[in-house]
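Chains as they are written, first to last, in this note's numbering: chain S, 1167 to 1707; chain C, 1243 to 1775.
Wrong hints could be hidden among the right ones.
As the list claims (entries may be wrong) - Only part of the chain S face toward chain C is listed, based on derived beta-carbon distances under 10 Å:
no., residue
1, ARG1344
2, ALA1347
3, LYS1499
Rather than coming from a laboratory, the hints here were simulated on the basis of the structure.
All C-beta atoms in this analysis are idealised placements derived from N, C-alpha and C, irrespective of residue type, glycine included.
Here's the letter readout for the chains.
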Amino acid sequence: MAERYDAVIIGGGHNGLVSAAYLARAGLRTLVLEQRHVLGGAAVTEELFPGFRFSVFSYVVSLLRPEIIRDLQLPRHGLDILPLDGTFTPLRPGDGPRSGGGDYLWRVNDHGRTIRELRRWSKNDAEAYEEYGQLMVEMARFIKPILAITPPDLTSLDPRPLLPLGGLLRTFQQLPERQQAVFVQLMTMSAADFLDQWFETDPLKATMSASGIIGTYLGVRSPGTAYVLLHHYMGEIDGAFRAWGIPKGGTGGVSNAIGNAARALGAEIRTEAPVERILVRDGRAVGVVLAGSGEEIRADVVLSSVDTRRTFLGLLEPGTLDTEFEEQVRRFKFRGSSGKVNLAVDRLPDFTSLPGTGEHLRGAISFSPSIDEMEQAYDDAKYGHFSRKPYVDMIIPTLVDPTMAPPGKHVISCFVQYAPYRLAPELGTWDDQREAFGDAVIDRIAEFAPNIRDSILFRNVQTPLDIERTTGLTEGNIFQGELTLEQLFFNRPVPGYARFRTPVRDLWLCGSSTHPGGGIMGANGRIAALEVLRSLGRKAA
Amino acid sequence: MTNFDAVVVGAGHNALVTAAYLARAGRRILVLEARDRVGGAAETADLGGVRIPRLADTVGRLRPSIVKDLDLRSHGLRLVAPDVRVFAPQPDGRAVTLWADQARTVDGLGAWSANDADRYPDFDRLVRALGRFLAELASQTPPDIKAPGLGDALTGLKLGRTFRGLGKHDAHTILRVLPMAVADFVAEAFETDAVRATVAWRGVRHSSLGPWSAGSTAILLGDSAGNDGGAAGQTVFAVGGPGALSESLAGAARAAGAEIRCGARVVAITSRDNRVTGVALAGGEEIDASVVVSGLDPKQTLVELSDPVTIGPSMRWRASNYRTPGVVAKVNLVVDRLPRFTAAGGQDEQLLRGRILAAPGIDAIERAFDAAKYGRVSETPVLEATIPSLVDPSLVEGAPAGTHVLSVSAQYAPYALRDGSWDDAGRADALGDAVVAVLEGLAPGLASSVRAREVITPLDLEREYGLTGGHPLHGEQALDQFFLWRPLLGSGRYRLPIDGLYLCGSGAHPGGGITGQPGQNAAREILADMKRR
Chain S
1167 MAERYDAVII GGGHNGLVSA AYLARAGLRT LVLEQRHVLG GAAVTEELFP GFRFSVFSYV
1227 VSLLRPEIIR DLQLPRHGLD ILPLDGTFTP LRPGDGPRSG GGDYLWRVND HGRTIRELRR
1287 WSKNDAEAYE EYGQLMVEMA RFIKPILAIT PPDLTSLDPR PLLPLGGLLR TFQQLPERQQ
1347 AVFVQLMTMS AADFLDQWFE TDPLKATMSA SGIIGTYLGV RSPGTAYVLL HHYMGEIDGA
1407 FRAWGIPKGG TGGVSNAIGN AARALGAEIR TEAPVERILV RDGRAVGVVL AGSGEEIRAD
1467 VVLSSVDTRR TFLGLLEPGT LDTEFEEQVR RFKFRGSSGK VNLAVDRLPD FTSLPGTGEH
1527 LRGAISFSPS IDEMEQAYDD AKYGHFSRKP YVDMIIPTLV DPTMAPPGKH VISCFVQYAP
1587 YRLAPELGTW DDQREAFGDA VIDRIAEFAP NIRDSILFRN VQTPLDIERT TGLTEGNIFQ
1647 GELTLEQLFF NRPVPGYARF RTPVRDLWLC GSSTHPGGGI MGANGRIAAL EVLRSLGRKA
1707 A
Chain C
1243 MTNFDAVVVG AGHNALVTAA YLARAGRRIL VLEARDRVGG AAETADLGGV RIPRLADTVG
1303 RLRPSIVKDL DLRSHGLRLV APDVRVFAPQ PDGRAVTLWA DQARTVDGLG AWSANDADRY
1363 PDFDRLVRAL GRFLAELASQ TPPDIKAPGL GDALTGLKLG RTFRGLGKHD AHTILRVLPM
1423 AVADFVAEAF ETDAVRATVA WRGVRHSSLG PWSAGSTAIL LGDSAGNDGG AAGQTVFAVG
1483 GPGALSESLA GAARAAGAEI RCGARVVAIT SRDNRVTGVA LAGGEEIDAS VVVSGLDPKQ
1543 TLVELSDPVT IGPSMRWRAS NYRTPGVVAK VNLVVDRLPR FTAAGGQDEQ LLRGRILAAP
1603 GIDAIERAFD AAKYGRVSET PVLEATIPSL VDPSLVEGAP AGTHVLSVSA QYAPYALRDG
1663 SWDDAGRADA LGDAVVAVLE GLAPGLASSV RAREVITPLD LEREYGLTGG HPLHGEQALD
1723 QFFLWRPLLG SGRYRLPIDG LYLCGSGAHP GGGITGQPGQ NAAREILADM KRR
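All chains should be modelled from the sequences, with the hints used to inform the complete structure.
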């Protein structure tokens, strides 16, 4: 006799858990099935090396929706975001206005200090920075509602779903022309071209543009990368917490908090319960079958938080979907482009441009000396090579959360781009290149902090292939599908199916493959749950 | 002195189209051209005793409605369209050939891949369908979003209907593919790299984009709009070269009463109380007019010619950030015998009549583009060449038998060089040599047949033709300078920020190329405003 639930959710990543919490909160008997022994999907904390705990895949949270934090009372369930202060961009000897060990660019949350620092580089940029910051906050304020709406189908004759767009258009009309123009540029331009309009300082432009390419298979000069710059300003206007922070206990801390909230609201969560197949009877999803045990679990609705390709091409009986739809799913681009290098070290990195273990190590450390080097890193990837001189976004969590490592020791998290999932034939597979990639990252860091080499006690390299194998993210794409213009909003994941519904009745998507895309944001899981509840005629409670 | 209803600055093809339409509506029009001849980039010039299309060579995108409205045939316009649209010789001695006749193209593609031959008709249909929608869009003035009027509502409805007319499938498709990288778009249909590159090329032609750049699909589809181009693109020549088109346009304008003065360089657009009052010429002469129509690019119009105080700092900042990254150079060759392309297998006479494309693969184009990103000239530039003398012998009349002209545009050759300048000794020649080397590789013996050669760098394009940044499209045609926001949001409806100042050139919607569409749309808007007054 198979168990029966109102809703079963495939995947215990942060979005799956958010959906579960909202459904349980509305009184649905909800079950979450996670294949691994830990919750969180790509937002997990694991002890990879005795005494050292790592956010293995992800590293910071900047986008977690404040309404979710409020609705689910996450702080009560253990969510504690520790602010990361500022971004430090080290340079090599000889670079920058200051001579000697090379210069650096260090922006902090203290606006006055940042402006003084920028003035050292360029008076114009210092002035432009103020204006730019205000403008971006305005833009973020305008764009924010989009994160909370369900994308309409422009081709449908039913005007109702278009209404939210109408509202958006009216707000747009009320913006001053210059802001309208800047908004259009944000949606269409490359990060580099966009920033060129304001700034002349190369390391500044390179470091700011970096946020435009994270998780994408695009370069800072590729059109469509400007939009992501906005995300950095979302947090600031929410006022809920700082733009950038790391969760206490690593990104797994976020997942656990959401999981606890879901449980408290009555949801049931099972780990090491991999789903093998979604049960479909007469065109409706009626439950799932677990791998291995073959156990059947029945439910009125099935939500999948795993990515589009795995859901439709992996978990459904072949022939369930029409070939046209399957073709469009195959077309949805993943192309993982980033890797992660996790380090356990016995001492902190010592930068030639700013020696010592000061405040500058407590924020993000961005290895982005120039626009050209950022773009060249992308050029390597375009032709199937990992970057010889990659962009590295380094965080040292132990400086804000010492519990992550034994006393006096540290963990270092390096997000690295580019590492294309598909390598050029002459390179073989990622299993052949893993360590070479890790070496390239260490070499890159050593250009600016030579002591890194001798400080390493343990090194863990996550290639896109590893990310795919462990988390199930197709092609290791951390956003469950590229965030390119043609894969956003009403095109995400498949035109005509951007409203979380699928061609199979009672089967819904709630992961990052859907609008508004990836990042530890939770918006997908929330909106999907609300859509499900609406379809069931239930109140969101 | 006579008083004019409108002064048109520049006599490029769009400016002439606007002038002709305005004159036919009974307005007194004066056209002022800085150079000694009309046509701008649509020019036929002398080289080594024969006639060559100096910059643009084909005129396949010219809107039929313009030919009809202005009765250009009676003003001497003769168009020839060869059967072959594109001949793309590959390094391995094979070729991808796209014909006007779809079936013939499919035949040839079979030799490359059964799949590609099989998918071509559908892809061609899709490009035509989406192209038709974009043609509709191109012929409309973008709606006024600030103060939508009845007209805008109607335009909106009309576009809405055309959009729905696409059908659900194509409607979904266009929303998905417009912002896409053309490399991805062609990969959805074709598996052969050579075929992909041959089709995708038009998505990056004249743009500072590579096939992997987002938005290049919109350019490909725009290039296929309103000219029955389809997946192969159009290839049409004007007998006598593109200059003949310009002459016929000038003829139509004059016949309608417009006055055209060459050698009259406008150095300023004068204005008072945010309203244009006329123009000032290099000689110091001032000409009054309550309407000034600029056929020049928007940057030059707003930043160089307009009064900074009237424009205001914010608009000036925006206009100076309008992107004009020119990456195209032109190399014209006179050869004493018809080139023999290895891949043509002796069929040169027939195969070389269309566009000849040297773009061996998507990555080859992308790598050529990479150089430009760092201010370097590609060592193996992508070439699109034509041999107009094959379809139009009049160009080589009087020259020894076998003489032909090769018109080659070379990409990527950035206007902004990282080191040195295009003026440095040998710089232009080095590019000319690189171009000839690429051709020699595909057509052995070509190099030794060159009798005359001229290299026109992006800097020359700016100096001689007034194209800011050497950009042949009056500014990058990317998603950020498109439709409602071409050239700038708020100025996307042919009206520039000074009352009575209009833009009618390629910097306005729907953008560059020899279409006449911006000129036609601008004339419609100007006449509407004149009636209101």
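query: Would the hint on S/LYS1499 stand, with a C-beta cut-off of 10 Å toward chain C?
result: Holds, about 7 Å.
query: Holds or violated: is there a CB of chain C closer than 10 Å to the CB of S/ALA1347?
result: 4 Å, holds
- prompt: Can we keep the S/ARG1344 interface hint, with Cβ of chain C closer than 10 Å?
  reply: Since the shortest Cβ distance to chain C is 6 Å, the answer is holds.
When the structure is compared with the earlier hints, no violation turns up for any of them.
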